[in-house]
Amino acid sequence: DSGVTQTPKHLITATGQRVTLRCSPRSGDLSVYWYQQSLDQGLQFLIQYYNGEERAKGNILERFSAQQFPDLHSELNLSSLELGDSALYFCASSAALAGGGETQYFGPGTRLLVL
Amino acid sequence: AQTVTQSQPEMSVQEAETVTLSCTYDTSENNYYLFWYKQPPSRQMILVIRQEAYKQQNATENRFSVNFQKAAKSFSLKISDSQLGDTAMYFCAFTIPNRDDKIIFGKGTRLHILP
Numbered sequence: 001d002s003g004v005t006q007t008p009k010h011l012i013t014a015t016g017q018r019v020t021l022r023c024s025p026r027s028g029d030l031s032v033y034w035y036q037q038s039l040d041q042g043l044q045f046l047i048q049y050y051n052g053e054e055r056a057k058g059n060i061l062e063r064f065s066a067q068q069f070p071d072l073h074s075e076l077n078l079s080s081l082e083l084g085d086s087a088l089y090f091c092a093s094s095a096a097l098a099g100g101g102e103t104q105y106f107g108p109g110t111r112l113l114v115l
Numbered sequence: 116a117q118t119v120t121q122s123q124p125e126m127s128v129q130e131a132e133t134v135t136l137s138c139t140y141d142t143s144e145n146n147y148y149l150f151w152y153k154q155p156p157s158r159q160m161i162l163v164i165r166q167e168a169y170k171q172q173n174a175t176e177n178r179f180s181v182n183f184q185k186a187a188k189s190f191s192l193k194i195s196d197s198q199l200g201d202t203a204m205y206f207c208a209f210t211i212p213n214r215d216d217k218i219i220f221g222k223g224t225r226l227h228i229l230p
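For the protein sequence lines, the chains are A and B, in the order given.
Take the first sequence: its position 113, counting from 1, is numbered 113 in my numbering, and each next residue is one higher.
Take the second sequence: its position 110, counting from 1, is numbered 225 in my numbering, and each next residue is one higher.
Worth double-checking, as some hints may not be accurate.
One-sided excerpt, in silico: chain A residues whose CB lies under 8 angstroms from chain B [what the hints assert, rightly or not]:
| hint | residue |
| --- | --- |
| 1 | 33 |
| 2 | 43 |
| 3 | 45 |
| 4 | 48 |
| 5 | 58 |
| 6 | 88 |
| 7 | 90 |
| 8 | 94 |
| 9 | 103 |
| 10 | 108 |
Simulated from the structure, these hints should not be mistaken for lab results.
Yeah, the Cβ is synthetic: ideal placement off N, Cα and C, and Gly gets one too.
The task is simple: from the sequences and hints, build the whole structure.
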């Protein structure tokens with residue numbers, strides 16, 4: 001158990017819908033990262049938050065957004081869902097801001113299926 | 116562009132044998148961190164081992180060790196006395212400090228440990 005929790009574990013929805021994925025980082029970790037794992041694209045970095053502020057963006061679609069709250073949990077919002085958004089979405093957390101190469105600990109993931 | 120290449124999509128070895136997974140990467144940076152993550156059938160991402168690029172000594176964690184060749188940009192993983200529980204997808208990855216903290220992953224090697 002990494003200490004990172006993600007809810008829900010599974011999500012089935014229809015095209016055009018909007019969903020919210022939630023992540024609670026390990027106790028004390030200030031950085032939260034979101035990754036998408038799909039069959040064709042592999043593991044792709046989406047976005048990073050540090051202590052409530054967006055710090056880095058990767059291959060995140062405009063239909064997707066995220067935020068980190070004062071209690072440090074984070075939510076990833078996916079809207080206008082398409083079939084191709086079906087994937088495993090991971091949240092990871094680490095203790096520090098960039099500079100330390102801190103290890104990122106991954107949550108169990110949320111499996112999203114868009115029908 | 117920073118990339119990670121894992122040239123072995125799939126491997127199979129007998130239980131108790133030693134197996135080496137290959138990984139090469141490309142970056143112009145001199146300081147970075149390398150990782151091997153394991154993803155068993157449960158889909159959880161588990162850190163196996165970590166190597167700081169500025170350290171010449173190869174990292175080891177119990178039955179897992181790496182052969183880090185910085186000049187060749189090579190970072191292979193050796194699993195000794197392989198066990199059935201080692202069956203998983205293995206991802207080679209790296210991150211560059213003092214920039215965004217995203218982890219860049221390879222496509223993975225699927226490892227089967229046969230009884």
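Hint check results:
This hint holds: residue 33(A) has a C-beta 7 angstroms from the nearest C-beta of chain B, less than the 8 angstroms allowed. The interface hint given for residue 43(A) is met, as the beta carbon of that residue sits about 4 angstroms from the closest beta carbon of chain B, less than 8 angstroms. At its closest, the beta carbon of residue 45(A) sits 4 angstroms from a beta carbon of chain B; the interface hint therefore holds under the 8 angstroms criterion. The beta carbon of residue 48(A) is positioned within 8 angstroms of a beta carbon in chain B (closest approach about 6 angstroms), and the interface hint is therefore held.
At a threshold of 8 angstroms, the smallest CB-CB gap from residue 58(A) to chain B is about 6 angstroms, leaving the interface hint in force. Of the supplied interface hints, the one on residue 88(A) holds, with its beta-carbon coming within about 6 angstroms of a beta-carbon of chain B, less than 8 angstroms. Because the smallest distance between the Cβ of residue 90(A) and any Cβ of chain B comes to about 6 angstroms, under 8 angstroms, the interface hint for this residue holds. This hint holds: residue 94(A) has a C-beta 7 angstroms from the nearest C-beta of chain B, less than the 8 angstroms allowed.
A least Cβ separation of about 6 angstroms between residue 103(A) and chain B falls short of the 8 angstroms threshold, and the interface hint therefore holds. The closest approach between the C-beta of residue 108(A) and any C-beta of chain B is roughly 5 angstroms, which is under the 8 angstroms cut-off, so the hint is satisfied.
When the structure is compared with the earlier hints, no violation turns up for any of them.
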